[in-house]
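Given chain A, put chain B in place with the hints provided.
As you go down the protein sequences, you meet chains A and B in turn. Under our numbering, the first sequence is numbered contiguously, ending at residue 237. Under our numbering, the second sequence is numbered contiguously, ending at residue 766.
Keep in mind that the hints were calculated from the coordinates and are not lab data. Note that CB positions come from ideal geometry on N, CA and C, so glycine has one too. Careful, some of the hints might be misleading.
[To be verified] Selected chain A positions facing chain B (in silico; Cβ < 10 Å):
1. 48
2. 49
3. 55
4. 79
5. 94
6. 98
7. 104
8. 122
9. 153
10. 196
[What the hints assert, rightly or not] These stretches of chain B come out as covered by chain A in the derived footprint (C-beta under 8 Å, 3 or more residues):
11. 532-541
12. 544-552
13. 620-630
Listed here are the chains, written in short residue letters.
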Amino acid sequence: MIDVRNMTKKYGKLAANDNINLSVGRGELAVLLGPNGAGKSTLIKSVCGLLRFQGAITIDGYENHTVEAKRLLGYVPEFPVLYPMLTVAEHLEFIAKAYRLEAWKEKGEALLRRFELDDKKMKLGKELSKGMQQKVSVCCALLPQPKAVIMDEPLVGLDPHGIRELKAVIAKLRDSGCALLVSTHMIESVEEDWDVTYIMVNGRIARVCRRTDLAPGQSLEDVYFTITEGKGQEDKP
Amino acid sequence: MNSLVFLLAKSAKNTLLELRRKPAKLALWVLVIAGIGGVFLLSLFTGQSEAGSLDLVWLKGILFLLILLFVVIAIQKGLANGDVIFDMNDVNLLFVSPVSSRLILMYGIVRMAKTAFLAGFFILFQSNSLSTVFGVGFDAVLLVLLGFMLAVGVLQILSLLIYSLTNGKPGRKLAVRVLAVAVFLPLLVYTGVQLAGTGDLLPALENTLRSPLAAWTPVAGWASAGAVSLISGDTGSGFLFFGLLVLSGALLILYIALSNPDYYEDVLVATETAFERKRVLAEGQINPEASSAKKVKVVKTGIGGLGPSAIFYKHLRESFRANRLGLWGVSSVILVLGAALFSLFQRGGDGRILILLQILMWMQIFMIGTGRGLKELYIHYIYLIPESSFRKIVWSNLEIVFKVLVESLAVFGIAGLIMKEPFGLVAAAIAVYTLFSFLLLGINYLSLRWTGADISAGLLVFIYTIAVIVIMLPGLIAAIVLGSMVEGTGVLIGLGVLALWELLAALGCFALSKGVLHNSDMPVLRTGK
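So that you can see chain A by itself, here it is in the shape it has in the complex (with noise of 0.2 Å):
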């Protein structure tokens, strides 16, 4: 569904990515993870269509700009911006029209009461703490019910209801059939259901890890500091 081939962004000679290549398929919860400035934020920009590459990015097929693979797309940015003068309710209206949803209110209503926003509909978007943001972009992102989502460390500024919502979220949307590529420094949140992890370092994917390669006893965490802290051998995607 999100398939990344020989993808390269420069920022004048400095490659915050390098040659990457990344696939998501349907019903497959990809994790992106990596130190402090690997590239993760550039690459999930550039596969939502937001920054210029080299390289290829497609959704299902749609090159990523057209209309077709935007209107499959779901992106959570790193920071939630909202529009200060409008109402919770009338972002996602606003979503709802711009992407000419149909029977929208009833799946914004049941978003909103998961996230525990539904006493929070009138609340202007400069008026809610970065946490209800983060949430409300979260709903924004998921009112068209996208089948490929990507979110870009979702999980911070978060409550611990949020965390809990977003990731039984995160889980039905991965069973429902949908494709996602989540980026985090949470290891633990992810650890239940992640089914392939992409680790990054300086720019580059350093490792490749599927749940199956694991060793007995292994942890996406250990998999995880073995690459960052050079006592692994890199293995190319």
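Same frame as chain A, now just chain B:
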């Protein structure tokens, strides 16, 4: 002490070294310095124009008003959060270090001088205007800058002191407000008396500015009188008033340092507020409404439109919620009133509406960025909406085009009536102004498309400004040439040609910037956080 000197020296050195790694920034600085040098050389060769020069008392008045504006801002800041003299890294690293808080205060004040200099940077470019209007040279510009910098420096310390003394004390805040008014009250009364005596505003203002009362008014009076005294050769008075500024600044610092060594808490709120504003900007929230403390009442709700038009209806909802006049906020009212006031002074001459048009077009170059359409580019939603890039951009900018059209109808309609300009000329001015805004939008997108938005905001603004001048030049030349070939209706024809050029150039810019949402990086405001 050594650590603070090290910090200052190392920061200055690294700032210079950074220019080696950022050639675009270096080029910008070279251009700015060359510009100042050029202005200086020009002032040497052109000399000082004596004929038709205005009296220096008006220069004093302009400087007084400019600094008065900073006085008001400093008092407001002092009553709210205090002024920003430290960065967050100072708070995190210096405040907790075993360095004397008084020395740290001195360090903050030395760094603050840089802010004062940058605030007065624009004065350096006024050499030609000052020479033409007041018959003074580049040395006068430097003296005006010195007066301005001293005043701004004193006001920054004053702001810190006001915050320190009034924080959480409503009684003291009221006292500061009363005192601030009381300081300027004698001057106001004196102007009123003069106005009653002369019956004319200009002589009354001139008498007030020549009075010792104006010169002895704190900060604004001292700085303006000091600069003008030195320019006119009265060094005694000049040194006296500049000396007063330096002395008052030193006394304020001394008072803070001796009375309140534990001032950290007082500067913390302003520093944190400034840091938070930068952080929010860097995260993509460039809408000033996000950090506004103004209470907003939600009455009507809902978003109209479908597909890309939803962006336009969203803008309408946001604008009408932000202020009652909707798209036309306080800035529009000021624009219309300012133009009307200008027209009152310009009555009687032929084609004076063209001067107004020229001024407003210059302002529009920088005002166009205040529209919601261009701000939309900093947030991810517009990129992800599954519609064509072109249609999204058109609907996204409809709000600013509509706003400018109505503004120009009001501005030039009222100005035309006051100046008794012919209808054709007013209509042509409206067309040129509105289409110029359309062109500016096109140039903005073209600048983004061409640079890929992969440069700093400052450089992007620089490239955009150069692009505006280059793109407008052929139209202006054609307008002047064709307009001068026809007697009588030449101005109208010239404006018509210019309007047509703006339309064609705008369409060209939009065509060349096709696919800007796909071919540019989503811009990020680099705040230097």
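Results for each hint:
no.: 1; hint: 48; result: holds (7 Å)
no.: 2; hint: 49; result: holds (6 Å)
no.: 3; hint: 55; result: violated (15 Å)
no.: 4; hint: 79; result: holds (4 Å)
no.: 5; hint: 94; result: holds (5 Å)
no.: 6; hint: 98; result: holds (4 Å)
no.: 7; hint: 104; result: violated (12 Å)
no.: 8; hint: 122; result: holds (6 Å)
no.: 9; hint: 153; result: violated (12 Å)
no.: 10; hint: 196; result: violated (24 Å)
no.: 11; hint: 532-541; result: holds (count 6)
no.: 12; hint: 544-552; result: holds (count 6)
no.: 13; hint: 620-630; result: holds (count 6)
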